[in-house]
Amino acid sequence: MGRVSSAKTAEPVPAAGAAGQGPRTPHVEARSITKRYGEMLALDNVSLEVWPGEILGLMGHNGAGKSTLIKILTGAEQPTSGQLAVAGTPAQLRSVADARSLGVVAVYQELRIIGTVSIAENLSYPVLPQRFGFIDRRQLKKDALRVLSARGIDIDPMMPASQLSQAERQLVEIAAVLSSGAKVVLLDEPTSSLDIEQIERVFHLMRSATAEGVSFVLVTHKVHEVLDCADRIVVLRDGRAVAGGARSEFDHERLVAELAGSTGDSHQSGCSVVEPAPSAHASEIGGTSPAPETPAQHSSTSATSAPALRVAGLVAGGVRRADLDLHFGEVVGLYGVLGAGRTAFLRALFGVNPMRAGEVLLYGQPYSPKDPADSLEHGLYLLSESRKVDGIIPSLSVRNNQVVAALRSFRRHLGALDRGRVRTETDREAQRLDIRGNPDRPVGSLSGGNQQKVLFSRLHMAGARLLLLDEPTRGVDVGAKRRIYQVIRDEAREGKAVIVSSSEAEEICELCSRCYVVRKGRLGDVLLSGDALTPDALRLVAVRAEEEEVALQ
Amino acid sequence: MKPQRSRRLPREAGILAVWVAIMIVFSSLSGHFFTESDILNLFLNAAVIILLSLGEAFVLLIAEIDLSVGSVLALSGVGMAEAFNAGFSAPGAILVAIALGGVVGLFNGVVVAYTRIPSFIVTFASLGAASSIPLVITQAVPIYISAPSFSFIGQETIGPVPLPLVFVAVVFVVLALVLARTVFGSRVYAVGGNREAARLSGIRIRRVVIWCFLVSGLVAGFAGAIEAGRLSSGYPTAGSTTELFDAIAGAVVGGVSLFGGIGTILGALIGAVIVGTLQQGLDVLNVSTYWQPLVVGVVILVGVAVDSVLRSGGLAGLGDLFRSWAALGRGDQTTTGTGGAPVLATSGKVLDSAVGQPGTAGQEPANVAD
Numbered sequence: 001m002g003r004v005s006s007a008k009t010a011e012p013v014p015a016a017g018a019a020g021q022g023p024r025t026p027h028v029e030a031r032s033i034t035k036r037y038g039e040m041l042a043l044d045n046v047s048l049e050v051w052p053g054e055i056l057g058l059m060g061h062n063g064a065g066k067s068t069l070i071k072i073l074t075g076a077e078q079p080t081s082g083q084l085a086v087a088g089t090p091a092q093l094r095s096v097a098d099a100r101s102l103g104v105v106a107v108y109q110e111l112r113i114i115g116t117v118s119i120a121e122n123l124s125y126p127v128l129p130q131r132f133g134f135i136d137r138r139q140l141k142k143d144a145l146r147v148l149s150a151r152g153i154d155i156d157p158m159m160p161a162s163q164l165s166q167a168e169r170q171l172v173e174i175a176a177v178l179s180s181g182a183k184v185v186l187l188d189e190p191t192s193s194l195d196i197e198q199i200e201r202v203f204h205l206m207r208s209a210t211a212e213g214v215s216f217v218l219v220t221h222k223v224h225e226v227l228d229c230a231d232r233i234v235v236l237r238d239g240r241a242v243a244g245g246a247r248s249e250f251d252h253e254r255l256v257a258e259l260a261g262s263t264g265d266s267h268q269s270g271c272s273v274v275e276p277a278p279s280a281h282a283s284e285i286g287g288t289s290p291a292p293e294t295p296a297q298h299s300s301t302s303a304t305s306a307p308a309l310r311v312a313g314l315v316a317g318g319v320r321r322a323d324l325d326l327h328f329g330e331v332v333g334l335y336g337v338l339g340a341g342r343t344a345f346l347r348a349l350f351g352v353n354p355m356r357a358g359e360v361l362l363y364g365q366p367y368s369p370k371d372p373a374d375s376l377e378h379g380l381y382l383l384s385e386s387r388k389v390d391g392i393i394p395s396l397s398v399r400n401n402q403v404v405a406a407l408r409s410f411r412r413h414l415g416a417l418d419r420g421r422v423r424t425e426t427d428r429e430a431q432r433l434d435i436r437g438n439p440d441r442p443v444g445s446l447s448g449g450n451q452q453k454v455l456f457s458r459l460h461m462a463g464a465r466l467l468l469l470d471e472p473t474r475g476v477d478v479g480a481k482r483r484i485y486q487v488i489r490d491e492a493r494e495g496k497a498v499i500v501s502s503s504e505a506e507e508i509c510e511l512c513s514r515c516y517v518v519r520k521g522r523l524g525d526v527l528l529s530g531d532a533l534t535p536d537a538l539r540l541v542a543v544r545a546e547e548e549e550v551a552l553q
Numbered sequence: 001m002k003p004q005r006s007r008r009l010p011r012e013a014g015i016l017a018v019w020v021a022i023m024i025v026f027s028s029l030s031g032h033f034f035t036e037s038d039i040l041n042l043f044l045n046a047a048v049i050i051l052l053s054l055g056e057a058f059v060l061l062i063a064e065i066d067l068s069v070g071s072v073l074a075l076s077g078v079g080m081a082e083a084f085n086a087g088f089s090a091p092g093a094i095l096v097a098i099a100l101g102g103v104v105g106l107f108n109g110v111v112v113a114y115t116r117i118p119s120f121i122v123t124f125a126s127l128g129a130a131s132s133i134p135l136v137i138t139q140a141v142p143i144y145i146s147a148p149s150f151s152f153i154g155q156e157t158i159g160p161v162p163l164p165l166v167f168v169a170v171v172f173v174v175l176a177l178v179l180a181r182t183v184f185g186s187r188v189y190a191v192g193g194n195r196e197a198a199r200l201s202g203i204r205i206r207r208v209v210i211w212c213f214l215v216s217g218l219v220a221g222f223a224g225a226i227e228a229g230r231l232s233s234g235y236p237t238a239g240s241t242t243e244l245f246d247a248i249a250g251a252v253v254g255g256v257s258l259f260g261g262i263g264t265i266l267g268a269l270i271g272a273v274i275v276g277t278l279q280q281g282l283d284v285l286n287v288s289t290y291w292q293p294l295v296v297g298v299v300i301l302v303g304v305a306v307d308s309v310l311r312s313g314g315l316a317g318l319g320d321l322f323r324s325w326a327a328l329g330r331g332d333q334t335t336t337g338t339g340g341a342p343v344l345a346t347s348g349k350v351l352d353s354a355v356g357q358p359g360t361a362g363q364e365p366a367n368v369a370d
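Quick note, the sequences are listed as chains A and B, same order.
So that you can map any letter, position 490 of the first sequence is 490 in my numbering, and since no number is skipped, the others follow by simple counting.
So that you can map any letter, position 298 of the second sequence is 298 in my numbering, and since no number is skipped, the others follow by simple counting.
These are computed hints drawn from the structure, not numbers from a lab.
The structure presented is a predicted model; accordingly, all values stated were derived computationally and were not measured.
Treat the hints loosely; a few may be bogus.
[Claimed, not checked] The calculated lysine to any residue pairs, modelled on SDA-like cross-linking and capped at a C-alpha distance of 20 Å, are: (1) A:Lys222 x A:Leu205; (2) A:Lys370 x A:Arg387; (3) A:Lys370 x B:Arg195; (4) A:Lys520 x A:Arg493; (5) A:Lys370 x B:Ala113; (6) A:Lys370 x B:Phe26; (7) A:Lys222 x A:Arg240; (8) A:Lys370 x A:Gly339; (9) A:Lys222 x A:Glu197; (10) A:Lys141 x A:Gln163; (11) A:Lys370 x B:Ser149; (12) A:Lys520 x A:Tyr485; (13) A:Lys141 x A:Ile114; (14) A:Lys370 x B:Phe120; (15) A:Lys141 x A:Leu128; (16) A:Lys370 x B:Ile137; (17) A:Lys520 x A:Gly244; (18) A:Lys141 x A:Pro129; (19) A:Lys142 x A:Gly152; (20) A:Lys370 x B:Val25; (21) A:Lys370 x B:Thr115; (22) A:Lys370 x B:Tyr114; (23) A:Lys520 x A:Lys370; (24) A:Lys222 x A:Ala211; (25) A:Lys520 x A:Gln166; (26) A:Lys142 x A:Gln166; (27) A:Lys370 x B:Arg116; (28) A:Lys520 x A:Gly495; (29) A:Lys142 x A:Glu121; (30) A:Lys520 x A:Asp98.
[Claimed, not checked] Stretches of chain B that chain A covers, calculated by requiring three or more beta carbons in the stretch to come under 8 Å of a beta carbon on chain A: (31) 128-139; (32) 147-156.
[Unchecked claim] If we take Cβ atoms under 8 Å as the criterion, some of the chain B residues that face chain A in the derived model are: (33) Arg116; (34) Arg181; (35) Thr182; (36) Ser186; (37) Leu258; (38) Gly261; (39) Ile262; (40) Tyr290.
A virtual CB, placed ideally from N, CA and C, is assigned to each residue, including glycine.
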């Protein structure tokens with residue numbers, strides 16, 4: 001512990017430093033870590049060690065608990081129960097600064113590099129070298145060159161950081177962390193926006209640093225990266241560490257199975273290919289045992305009627321190709337990891353972002369929305385994924401938030417608003433959805449779940465027939481979630497056509513009769529329905545699809 | 001539940017109380033405040049500022065700003081005089097004045113709506129144009145018009161009530177009804193409260209933006225006509241001193257939020273009256289005109305400070321503020337806002353939603369960073 005250098009002095013990591021601590025003491029040890037957020041159990045009795053000089057691959061799906069675990073290991077959050085030890089000494093990490101002073105540092109996806117100042121200054125923050133009260137630019141440059149060259153990074157440190165590529169930023173960030181004396185560097189999805197060559201550079205840097213005894217925790221959901229790079233692997237699922245061991249104990253099959261939570265490999269009949277897409281390898285995907293519980297079926301009438309919406313070959317920002325059919329009275333799912341293109345697809349469909357190519361048939365008629373107002377007039381409605389950003393209007397009352405998408409229908413002569421009818425109809429809606437709170441107070445005073453119900457009331461009052469619901473239950477409590485599921489089913493029963501986009505496989509299976517798996521901007525290659533539509537199957541397909549994508553490159 | 005008490009009373013009541021307090025202070029300090037400038041006279045002198053404030057309120061409510069209203073006084077006043085000299089009847093000349101204001105407002109609205117240029121810049125440009133054109137036309141010489149029909153609009157009275165005040169009352173009632181009771185008014189509040197949410201709710205943002213700037217321009221043009229009538233001339237330098245400043249100050253002091261979405265026409269009216277009262281009170285007390293902008297400036301500052309406290313949940317918001325400071329001190333990074341000062345009070349709810357889903361909590365390190 002005494003050997004950990006302070007964050008301020010930018011001395012290079014001592015090459016033999018780790019060896020001196022003995023090979024049998026892990027850099028970081030977490031024992032029986034449990035973390036609760038209210039009712040949610042984010043981490044359930046997770047233990048793990050990070051040994052000197054190793055790369056530990058930490059894997060798991062969205063919501064498996066990876067991020068929470070990183071936050072706890074780096075002091076950003078405190079565990080509900082369990083112990084941490086750093087370099088063999090029990091440690092309480094009350095803050096990020098605590099963890100940093102012990103040499104445990106996280107590098108996040110959103111890098112903390114300030115684009116408008118030089119790389120050297122970024123490296124030097126928070127303390128710049130000074131001479132006579134002015135910044136000593138020569139010293140600044142010298143320090144920066146030392147940090148960068150120690151890691152084999154050949155970049156002019158005096159150029160603005162904004163000129164760095166994404167990969168170079170990543171490299172610079174890691175170099176900076178290493179130069180500050182970090183022993184354990186946690187990388188949260190470091191490769192999410194890099195191409196293969198750039199990823200190799202990052203991995204190379206990591207490997208060279210492990211020779212000095214530095215350890216890395218590589219957090220990712222990409223199977224092949226972990227297999228390429230890690231010395232040991234830990235898999236998280238639903239907040240538990242479900243598998244762990246040396247790299248040699250894992251092969252691709254096992255890792256995918258552990259991630260998805262099923263080890264069976266029997267053939268799947270309900271998994272189908274909707275349309276022979278150019279990359280028809282999707283037809284191979286499938287192969288999980290039928291789950292014991294069958295998904296709820298809500299739409300018996302839909303199969304025969306003409307589609308409410310047919311999308312063929314849609315291309316837009318973030319959407320490479322989308323094909324989809326949707327009937328009145330059914331709830332269709334879109335499942336995929338974050339950033340897979342679900343939101344981009346829905347926003348293009350609703351006219352928020354422009355479509356670049358492709359054909360959309362709405363009620364059998366060609367359709368290309370000019371703007372959201374146009375879409376709304378055609379009976380579409382988009383419930384956006386981020387309630388606070390573009391959902392609620394916090395300064396308006398609950399009532400006005402409910403009615404805002406339907407103002408037109410409350411117009412009387414001279415453009416006057418029929419306030420009596422607004423009152424009665426919003427009251428009725430509040431009762432239907434069990435919205436709790438004073439309807440004349442700003443909507444910001446309501447709980448997250450009630451705010452979400454207000455948004456569902458808004459979409460109902462707008463009279464839409466085709467509902468695009470993006471993460472409809474994000475950030476709501478369990479009670480409100482159940483209520484919202486009920487409301488979505490009611491909408492479908494009334495004959496509305498509903499798309500539910502979610503990163504929660506359970507949610508999809510609870511609500512939908514069919515589900516498209518979306519990945520890397522492509523939608524329509526894989527469709528699960530009937531008995532094949534299970535949470536495990538969805539996760540498995542999402543992982544497999546991504547792996548095959550990589551294999552093709 | 002906690003801020004409920006502070007919201008029960010309409011905010012306008014508090015602003016009104018401030019005005020009453022200012023009146024009391026001035027009359028006790030001068031002794032002849034009520035005699036020298038009785039209430040009607042006070043309102044008459046504030047009429048132009050009130051009108052500008054009412055129009056400006058529409059623009060502020062959608063979180064934009066209109067800097068051109070002061071210079072529109074000159075443009076429309078000179079335009080009215082020129083039109084009258086060119087043979088227009090007095091009502092025709094007044095319509096010309098209003099139309100000129102409308103043109104400026106329409107220009108502002110269209111440019112702001114269809115480009116990404118901030119309204120501060122766009123209306124700063126039109127401020128320049130609207131103040132230059134009358135100077136160029138008149139070579140800075142006021143156009144004096146002795147015809148009583150010209151000055152009718154500014155100098156006539158109905159009983160004891162000066163005609164300009166009747167017009168102020170009419171404009172006030174119309175604008176207040178538009179904002180509070182029409183579909184358009186609801187859209188204005190929605191756009192100001194959360195533009196993206198309003199857009200996704202099918203509101204055509206550009207139309208609302210253009211209309212709000214148009215209202216501001218038309219009202220400013222009308223104010224210019226009244227000013228010209230009161231002065232019996234088209235003044236090329238009208239509105240070039242503190243009028244713009246006073247108009248914005250009036251609306252803001254009256255509770256119209258510079259962040260958009262909050263405020264009423266009644267509030268803007270009272271706020272403008274407060275600004276007018278301050279100026280005249282300072283005159284009566286023989287406070288140098290050099291000092292007066294300073295006093296008005298302080299009033300704006302206080303008004304905005306009070307506004308941001310109220311916006312973050314009233315005095316209960318202060319509690320939240322302290323709590324989030326305390327949380328920051330502990331290094332508790334989960335209390336985060338979503339982008340600006342006004343959300344401080346809702347930080348508790350941000351926390352709720354982040355906690356609801358641990359899987360997604362990790363995807364927002366950008367928020368954590370601020």
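Here is what the structure says about each hint:
Annotation: proposed proximity of Lys222 of chain A to Leu205 of chain A holds, straight-line Cα distance about 19 Å (limit 20 Å). Under the criterion of a C-alpha separation no larger than 20 Å, the hint pairing Lys370 of chain A with Arg387 of chain A is inconsistent with the structure, at around 23 Å. Distance hint between Lys370 of chain A and Arg195 of chain B is fulfilled; the C-alpha atoms sit about 18 Å from each other, no more than 20 Å. Between Lys520 of chain A and Arg493 of chain A the CA atoms are separated by roughly 32 Å; this puts the pair beyond 20 Å, and the hint is violated.
Pair hint Lys370 of chain A plus Ala113 of chain B holds up; C-alpha atoms about 16 Å apart against a cutoff of 20 Å. Using a Cα cut-off of 20 Å, the hinted pair Lys370 of chain A and Phe26 of chain B is violated, with the two alpha carbons roughly 58 Å apart. Pair hint Lys222 of chain A plus Arg240 of chain A holds up; C-alpha atoms about 19 Å apart against a cutoff of 20 Å. Restraint check: the Cα-Cα separation between Lys370 of chain A and Gly339 of chain A comes to about 24 Å, which exceeds 20 Å; the hinted pair is violated.
Distance check on the hinted pair: Lys222 of chain A and Glu197 of chain A sit about 16 Å apart at the alpha-carbon level, within 20 Å; holds. A C-alpha spacing of about 17 Å is found between Lys141 of chain A and Gln163 of chain A, which places the hinted pair at or below 20 Å, so the restraint holds. For the proposed pair Lys370 of chain A and Ser149 of chain B, the alpha carbon gap of about 51 Å is over 20 Å, so the pair is violated. The hinted pair formed by Lys520 of chain A and Tyr485 of chain A fails the criterion: a straight-line CA distance of about 28 Å is larger than 20 Å.
With a C-alpha separation of about 17 Å, the suggested pairing of Lys141 of chain A with Ile114 of chain A holds against the 20 Å cut-off. Between Lys370 of chain A and Phe120 of chain B the CA atoms are separated by roughly 28 Å; this puts the pair beyond 20 Å, and the hint is violated. Between Lys141 of chain A and Leu128 of chain A the CA atoms are separated by roughly 11 Å; this keeps the pair inside 20 Å, and the hint holds. Simply put, Lys370 of chain A and Ile137 of chain B have alpha-carbon atoms about 44 Å apart, too far for the 20 Å limit, and the pair is violated.
The suggested pairing of Lys520 of chain A with Gly244 of chain A is violated, with an alpha-carbon distance near 28 Å, which exceeds 20 Å. The straight-line distance between the Cα atoms of Lys141 of chain A and Pro129 of chain A is roughly 10 Å, inside the 20 Å bound, and the hint therefore holds. Distance restraint check for Lys142 of chain A and Gly152 of chain A: the Cα-Cα separation of roughly 15 Å lies within the 20 Å cut-off, and the hinted pair is therefore satisfied. For the proposed pair Lys370 of chain A and Val25 of chain B, the alpha carbon gap of about 58 Å is over 20 Å, so the pair is violated.
At most 20 Å may separate the alpha-carbon atoms for a hinted pair to count; Lys370 of chain A and Thr115 of chain B meet this at roughly 18 Å. A threshold of 20 Å between alpha carbons decides the hint, and for Lys370 of chain A with Tyr114 of chain B the separation of about 15 Å falls inside it, so the pair holds. For the proposed pair Lys520 of chain A and Lys370 of chain A, the alpha carbon gap of about 26 Å is over 20 Å, so the pair is violated. At roughly 24 Å between alpha-carbon atoms, Lys222 of chain A and Ala211 of chain A are farther apart than 20 Å, so this suggested pair is violated.
Between Lys520 of chain A and Gln166 of chain A the CA atoms are separated by roughly 19 Å; this keeps the pair inside 20 Å, and the hint holds. With a CA separation close to 24 Å, the supplied pair Lys142 of chain A and Gln166 of chain A exceeds the 20 Å bound. The suggested pairing of Lys370 of chain A with Arg116 of chain B holds, with an alpha-carbon distance near 19 Å, which does not exceed 20 Å. At roughly 31 Å between alpha-carbon atoms, Lys520 of chain A and Gly495 of chain A are farther apart than 20 Å, so this suggested pair is violated.
Among the hinted pairs, Lys142 of chain A with Glu121 of chain A is consistent with the structure: their alpha-carbon atoms are about 11 Å apart, no more than 20 Å. For the suggested pair Lys520 of chain A and Asp98 of chain A, the alpha carbons sit about 38 Å apart, so the restraint of at most 20 Å is broken. Requiring three or more residues with a Cβ within less than 8 Å of a Cβ of chain A, the coverage given for the segment 128-139 of chain B is violated, as only 0 such residues are present. Counting residues of the segment 147-156 of chain B whose C-beta lies closer than 8 Å to any C-beta of chain A gives 0; at least three are required, and the coverage claim is violated.
Hint status for Arg116 of chain B relative to chain A: violated, with the closest Cβ pair at about 16 Å, above 8 Å. Evaluation of the Arg181 of chain B hint against chain A yields a held restraint, the C-beta minimum of about 6 Å falling below 8 Å. Here the hint on Thr182 of chain B is kept, as its CB sits about 5 Å from the closest CB of chain A, short of 8 Å. Taking 8 Å as the C-beta cut-off, the interface hint given for Ser186 of chain B holds, the closest approach to chain A being about 5 Å.
With 8 Å as the threshold, the beta carbon of Leu258 of chain B stays out of range of chain A, its nearest partner Cβ sitting at about 13 Å, so the hint is violated. A distance limit of 8 Å between C-beta atoms decides the matter here; for Gly261 of chain B the minimum to chain A is near 4 Å, and the interface restraint holds. This hint holds: Ile262 of chain B has a C-beta 5 Å from the nearest C-beta of chain A, less than the 8 Å allowed. Contact between Tyr290 of chain B and chain A, as hinted, is not supported at the beta carbon level, the nearest pair being about 39 Å apart and thus beyond 8 Å.
The structure does not agree with the numbered hints 2, 4, 6, 8, 11, 12, 14, 16, 17, 20, 23, 24, 26, 28, 30, 31, 32, 33, 37 and 40 stated previously, though it agrees with the rest.
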